[in-house]
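Undergrad: The primary structure of each chain is shown beneath.
Number of protein chains: 2
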Amino acid sequence: MQILRSIRELRQQLSSIDALRRGVGFVPTMGALHAGHGRLMETSVRETDSTVVSIFVNPSQFNDPGDFARYPRPFDTDAAFCESLGASIVFAPSEQEMYPEPQQTFVDVARVTERLEGAFRPGHFRGVATVVMKLFQIVQPDRAYFGEKDAQQLAVIRRMVADLNLPIEIVGVATVRDPDGLALSSRNQRLTPAQRALAPLLYQALQLAASRIAQGSRDPQSIEQEALSVLAHPEIRVEYLEIVDPAFMQPVDRIEGPVRIAVAAFLGSTRLIDNVLAG
Amino acid sequence: MQILRSIRELRQQLSSIDALRRGVGFVPTMGALHAGHGRLMETSVRETDSTVVSIFVNPSQFNDPGDFARYPRPFDTDAAFCESLGASIVFAPSEQEMYPEPQQTFVDVARVTERLEGAFRPGHFRGVATVVMKLFQIVQPDRAYFGEKDAQQLAVIRRMVADLNLPIEIVGVATVRDPDGLALSSRNQRLTPAQRALAPLLYQALQLAASRIAQGSRDPQSIEQEALSVLAHPEIRVEYLEIVDPAFMQPVDRIEGPVRIAVAAFLGSTRLIDNVLAG
Numbered sequence: 000m001q002i003l004r005s006i007r008e009l010r011q012q013l014s015s016i017d018a019l020r021r022g023v024g025f026v027p028t029m030g031a032l033h034a035g036h037g038r039l040m041e042t043s044v045r046e047t048d049s050t051v052v053s054i055f056v057n058p059s060q061f062n063d064p065g066d067f068a069r070y071p072r073p074f075d076t077d078a079a080f081c082e083s084l085g086a087s088i089v090f091a092p093s094e095q096e097m098y099p100e101p102q103q104t105f106v107d108v109a110r111v112t113e114r115l116e117g118a119f120r121p122g123h124f125r126g127v128a129t130v131v132m133k134l135f136q137i138v139q140p141d142r143a144y145f146g147e148k149d150a151q152q153l154a155v156i157r158r159m160v161a162d163l164n165l166p167i168e169i170v171g172v173a174t175v176r177d178p179d180g181l182a183l184s185s186r187n188q189r190l191t192p193a194q195r196a197l198a199p200l201l202y203q204a205l206q207l208a209a210s211r212i213a214q215g216s217r218d219p220q221s222i223e224q225e226a227l228s229v230l231a232h233p234e235i236r237v238e239y240l241e242i243v244d245p246a247f248m249q250p251v252d253r254i255e256g257p258v259r260i261a262v263a264a265f266l267g268s269t270r271l272i273d274n275v276l277a278g
Numbered sequence: 000m001q002i003l004r005s006i007r008e009l010r011q012q013l014s015s016i017d018a019l020r021r022g023v024g025f026v027p028t029m030g031a032l033h034a035g036h037g038r039l040m041e042t043s044v045r046e047t048d049s050t051v052v053s054i055f056v057n058p059s060q061f062n063d064p065g066d067f068a069r070y071p072r073p074f075d076t077d078a079a080f081c082e083s084l085g086a087s088i089v090f091a092p093s094e095q096e097m098y099p100e101p102q103q104t105f106v107d108v109a110r111v112t113e114r115l116e117g118a119f120r121p122g123h124f125r126g127v128a129t130v131v132m133k134l135f136q137i138v139q140p141d142r143a144y145f146g147e148k149d150a151q152q153l154a155v156i157r158r159m160v161a162d163l164n165l166p167i168e169i170v171g172v173a174t175v176r177d178p179d180g181l182a183l184s185s186r187n188q189r190l191t192p193a194q195r196a197l198a199p200l201l202y203q204a205l206q207l208a209a210s211r212i213a214q215g216s217r218d219p220q221s222i223e224q225e226a227l228s229v230l231a232h233p234e235i236r237v238e239y240l241e242i243v244d245p246a247f248m249q250p251v252d253r254i255e256g257p258v259r260i261a262v263a264a265f266l267g268s269t270r271l272i273d274n275v276l277a278g
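Just so you know, the protein sequences line up as chains A and B, in that order. The first sequence runs 0 to 278 under numbering that gives the first Met the number 0. The second sequence runs 0 to 278 under numbering that gives the first Met the number 0.
It should be emphasised that the hints constitute simulated quantities derived from the structure, not laboratory data. Even for Gly, the Cβ is constructed at its ideal location relative to N, Cα and C. One or more of the hints may lead you astray.
[As the list claims (entries may be wrong)] Here chain B is said to cover these stretches of chain A; the calculated rule only asks that three of the stretch's residues, wherever they fall, bring their Cβ under 8 Å from a Cβ of chain B: (1) 59-65; (2) 77-90; (3) 161-174; (4) 253-262.
With the rest of the complex left out, here is chain A (with noise of 0.2 Å):
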């Protein structure tokens, strides 16, 4: 009888009972996908011998039932891109099958969720890193995609991994971005013209910001004002714009290592999110 004290040992014991790495690579998403969700899947396909997509519109992440309601579901379309990109199983289940009786197990992961989408979206990050291991535990991937352009959602399902020692690697996939720089979202098709036309504001904002970062600002304040300036139009409503620790997602008081600036605004009733990493 062995007696281990470290999970890396008590792992590696594990593992050798396991014959075989399984090397499933997994991208959960909620479908209507586009080029971003196309690099996390060709990322999977190349590191990866399997690679399952769950397209799943989760409504427990979803703090507006209108949101839910008008999410795209064009599932003909994305199950054909899935096998374009050479997805091996797509995995598409009904709310019933993924909620077959009232959920009342929910992971909640807490400080990291606290400001930007944490603070704007009441409940969205209990639903998201809930149906996440709900999906992982159905999955048991070896490593799962997550894009960059929800920033905070990856730092979230980071934390969640390493405090319940999940032993999947997380892969962060960067932000995939039309001509203009616009972040790619399954959202942006619901934008009139004239909203599309001014979309890239967001990402211009996050650039200056960024600029201002690269030239030797220090102060998060005057950085941010700055930025939002460039959001100053009656047609966009922002809702925050802050430059926070990677880590953890919390304000910073002076620019002193690497941070991610964040913005999220509506134009009209669609809302974007983006961010950046400076510093």
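Since the structure of chain A is provided, determine the placement of chain B on it from the hints.
TA: Chain B alone, transformed into the frame defined by chain A:
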């Protein structure tokens, strides 16, 4: 490429990628092992290829710091006991190993935690669910063994496993009792001889309630009152004696199917719990 919509199909596909069934049984404990734990281990050794026993006195599930400090930790005796019963691995992590950083992610199970222990030990089940989730992820067992003495804990774990789709079979194992009926507990060793002599009254009260149900009584309140009279002694301070449904641990208005009768009481500073299934 396959498109799957059910969790069962997906898991079948994924396990065909997996070559080998691991057959790992897991017995999570806080040490101070007794014949109740012994029965869990024996069951696991019989039913699986490799039995992992964890010994970890988890601080986050103690609502009373004094109880945590006093909790017995006879590690060498425990390890020898595991060895004698055929365990393959004892996993005995430090607090630093389990909580290297402040834990920010918690698993909460609603409803089933509202009454009984949940009502009297605030935060207890959050601590239990979170550490068991961590241990499940670390060990990745096929089956995990829990004693029915902690019936609400067993119900919480079953709910968590179902709600979060954990691919683990939860096995409840019958309570082991001393000849006079006292349920084995690591806390029994703290009882004075006088308290030890009184302690079997808990089981006697439960048995009285169960016999009334067997005789056809259907009113929980009158049964509870009668059972409580068994415990009317100046050295016994009852926290609850309650008849609940076995799945959700909620009080029943009328006994119309199987119920769990649960009791918690202090003898001096030592808190004991017990329960029986009836109906």
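Undergrad: Closer than 8 Å, Cβ to Cβ, for at least three residues: run that test on the region 59-65 of chain A against chain B and report holds or violated.
TA: Coverage by chain B is violated here, the residue count being 0 at a Cβ distance below 8 Å.
Undergrad: Using C-beta distances, would you say chain B covers the region 161-174 of chain A, given that this needs three or more residues below 8 Å?
TA: As far as the region 161-174 of chain A goes, the hint holds, because 6 residues have Cβ atoms under 8 Å from chain B.
Undergrad: Counting residues of the region 77-90 of chain A whose CB is closer than 8 Å to a CB in chain B, do you get three or more?
TA: It holds: at least three residues are needed, and the region 77-90 of chain A offers 8 whose Cβ sits within less than 8 Å of chain B.
Undergrad: Are 3 or more residues of the region 253-262 of chain A near chain B, judged by a Cβ distance of less than 8 Å?
TA: violated (count 0)
Going down the numbered hints, you'll see the structure goes against 1, 4, while the others check out.
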